[in-house]
Amino acid sequence: MRHGKKFNHLGRTAPHRKAMLSNMACSLIEHKRINTTVAKAKALRVYVEPLLTKAKEDTTHNRRTVFSYLQSKEAVAELFRTVAPKIAERNGGYTRIIKTGFRQGDAADMAMIELVDFNDLYNPNEEEKKATRRSRRGTAVKKEAVATIPAAAEATEAPAKEEVKSDDDSAGDGVESTQNKTD
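Going by numbering that gives the first Met the number 0, the first residue of the sequence shown is number 0, and it counts up by one from there.
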């Protein structure tokens with residue numbers, strides 16, 4: 000009986016289950032998303048989210064604790080260098096499980112588990128970045144428009160320059176007249 004047992008044993012012995020979850024967590028951290036069965040994805044979420052929470056504070060103790068679970072220096076380095084800064088402001092829910100249908104061979108229920116902050120489609124912060132990209136394109140269009148405006152301004156400025164010259168001539172006459180008066 001499984002009274003009070005709150006996690007899925009996944010039909011494996013304890014060392015096999017720990018090794019499998021450790022390998023899956025390393026793969027998830029390295030690739031940012033993996034495809035697996037729904038049961039393994041749910042077990043992995045319970046396994047990896049506390050590690051992601053520990054990674055938010057970069058201390059030697061937290062690095063060693065995470066390494067004891069993952070057993071991979073590369074995964075720990077990736078977690079603390081790239082993943083932790085992106086999830087720093089998130090209070091939980093670092094992973095997302097999306098069901099993808101059934102496996103061809105045995106009709107197992109399959110799912111994709113991914114890190115929420117690394118998905119470009121669902122991330123609201125990415126929309127802000129796309130908006131800045133649009134504005135950059137907009138400035139490029141503005142630069143092209145500005146490049147065409149001087150040509151149009153030169154056409155309108157040519158008569159203005161003539162008017163300025165005529166004003167200068169009249170001002171010059173005024174100056175000459177004042178000089179003549181003083182002579």
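In short, the hints are calculated from the structure, not lab data.
It should be emphasised that the depicted structure is a prediction, and the values quoted were computed from it without experimental measurement.
Where hints are given, some of them may not hold.
As the list claims (entries may be wrong) - Each computed DSS-like pair below joins lysine-lysine, with the alpha-carbon atoms no more than 25 Å apart:
no. : residue 1 : residue 2
1   : Lys72     : Lys5
2   : Lys85     : Lys4
3   : Lys41     : Lys31
4   : Lys55     : Lys4
5   : Lys72     : Lys98
6   : Lys53     : Lys17
7   : Lys4      : Lys41
8   : Lys31     : Lys72
9   : Lys53     : Lys5
10  : Lys5      : Lys41
11  : Lys85     : Lys72
12  : Lys31     : Lys53
13  : Lys98     : Lys17
14  : Lys55     : Lys41
15  : Lys17     : Lys4
16  : Lys31     : Lys85
17  : Lys41     : Lys53
18  : Lys85     : Lys41
19  : Lys17     : Lys41
20  : Lys31     : Lys4
21  : Lys85     : Lys55
22  : Lys5      : Lys85
23  : Lys53     : Lys72
24  : Lys17     : Lys5
25  : Lys17     : Lys31
26  : Lys17     : Lys72
27  : Lys72     : Lys55
To be verified - Using C-beta positions, here's what the derived DEER-type ranges look like:
no. : residue 1 : residue 2 : range
28  : Ser67     : His8      : 14 to 24 Å
29  : Ala18     : Asp105    : 16 to 26 Å
30  : Met111    : Lys72     : 34 to 44 Å
31  : Pro84     : Thr59     : 10 to 20 Å
32  : Ala106    : Phe66     : 29 to 39 Å
33  : Thr81     : Thr59     : 15 to 25 Å
34  : His2      : Pro84     : 18 to 28 Å
35  : Ala107    : Thr59     : 35 to 45 Å
Even glycine gets a Cβ: it sits at the ideal position worked out from N, Cα and C.
Hints, one by one, checked against the model:
About 30 Å separates the Cα atoms of Lys72 and Lys5, which puts this hinted pair outside 25 Å; it is violated. Restraint check: the Cα-Cα separation between Lys85 and Lys4 comes to about 34 Å, which exceeds 25 Å; the hinted pair is violated. Distance restraint check for Lys41 and Lys31: the Cα-Cα separation of roughly 16 Å lies within the 25 Å cut-off, and the hinted pair is therefore satisfied. For the hint pairing Lys55 with Lys4, the CA-to-CA distance comes to about 29 Å; that exceeds 25 Å, so the pair is violated.
Between the alpha carbons of Lys72 and Lys98 the distance comes to roughly 31 Å, so the proposed pair goes past 25 Å and is violated. At roughly 19 Å between alpha-carbon atoms, Lys53 and Lys17 fall within 25 Å of each other, so this suggested pair holds. With a C-alpha separation of about 15 Å, the suggested pair Lys4 and Lys41 falls inside the 25 Å cut-off, and the hint holds. A hinted pair counts as satisfied when its Cα atoms are at most 25 Å apart, and Lys31 with Lys72 qualifies at roughly 17 Å.
With a C-alpha separation of about 22 Å, the suggested pairing of Lys53 with Lys5 holds against the 25 Å cut-off. As the CA atoms of Lys5 and Lys41 are separated by approximately 12 Å, the hinted pair is consistent with the 25 Å bound. At roughly 20 Å between alpha-carbon atoms, Lys85 and Lys72 fall within 25 Å of each other, so this suggested pair holds. Annotation: proposed proximity of Lys31 to Lys53 holds, straight-line Cα distance about 18 Å (limit 25 Å).
Between Lys98 and Lys17, the direct Cα distance comes to roughly 24 Å. Compliance with the 25 Å bound is thereby established for this hinted pair. Under the criterion of a C-alpha separation no larger than 25 Å, the hint pairing Lys55 with Lys41 is consistent with the structure, at around 22 Å. Taking the CA atoms of Lys17 and Lys4, the gap is near 16 Å; set against the 25 Å cutoff, the hint holds. As the CA atoms of Lys31 and Lys85 are separated by approximately 12 Å, the hinted pair is consistent with the 25 Å bound.
With a CA separation close to 19 Å, the supplied pair Lys41 and Lys53 stays within the 25 Å bound. At roughly 22 Å between alpha-carbon atoms, Lys85 and Lys41 fall within 25 Å of each other, so this suggested pair holds. For the suggested pair Lys17 and Lys41, the alpha carbons sit about 14 Å apart, so the restraint of at most 25 Å is met. Restraint check for Lys31 and Lys4: the C-alpha separation of about 30 Å exceeds 25 Å, so the hint is violated.
Proximity of Lys85 to Lys55 is assessed by CA-CA distance (about 9 Å); at most 25 Å being required, the pair is judged to hold. Of the pairs offered as hints, the one joining Lys5 and Lys85 is violated, with about 30 Å between alpha carbons and a cut-off of 25 Å exceeded. Between Lys53 and Lys72 the alpha-carbon distance is near 16 Å, which keeps this suggested pair within the 25 Å criterion. Of the pairs offered as hints, the one joining Lys17 and Lys5 holds, with about 16 Å between alpha carbons and a cut-off of 25 Å not exceeded.
With a CA separation close to 20 Å, the supplied pair Lys17 and Lys31 stays within the 25 Å bound. The straight-line distance between the Cα atoms of Lys17 and Lys72 is roughly 17 Å, inside the 25 Å bound, and the hint therefore holds. Proximity of Lys72 to Lys55 is assessed by CA-CA distance (about 17 Å); at most 25 Å being required, the pair is judged to hold. As the Cβ distance of Ser67 to His8 is approximately 21 Å, the hint placing it in 14 to 24 Å holds.
Restraint check, Ala18 to Asp105: a C-beta distance of roughly 22 Å satisfies the suggested window 16 to 26 Å. At roughly 27 Å, the beta-carbon separation of Met111 and Lys72 lies outside the given 34 to 44 Å, and the hint is violated. Range check, Pro84 to Thr59: Cβ separation about 18 Å, and the 10 to 20 Å hint holds. Under the hint 29 to 39 Å, the C-beta atoms of Ala106 and Phe66, about 38 Å apart, fit the expected range.
In this structure the hint that Thr81 and Thr59 lie 15 to 25 Å apart at CB holds, the actual value being about 19 Å. For His2 and Pro84, the hinted distance range of 18 to 28 Å is not satisfied, since their beta carbons lie about 42 Å from each other. For Ala107 and Thr59, the Cβ-Cβ distance of about 41 Å falls inside the hinted range of 35 to 45 Å, so the restraint holds.
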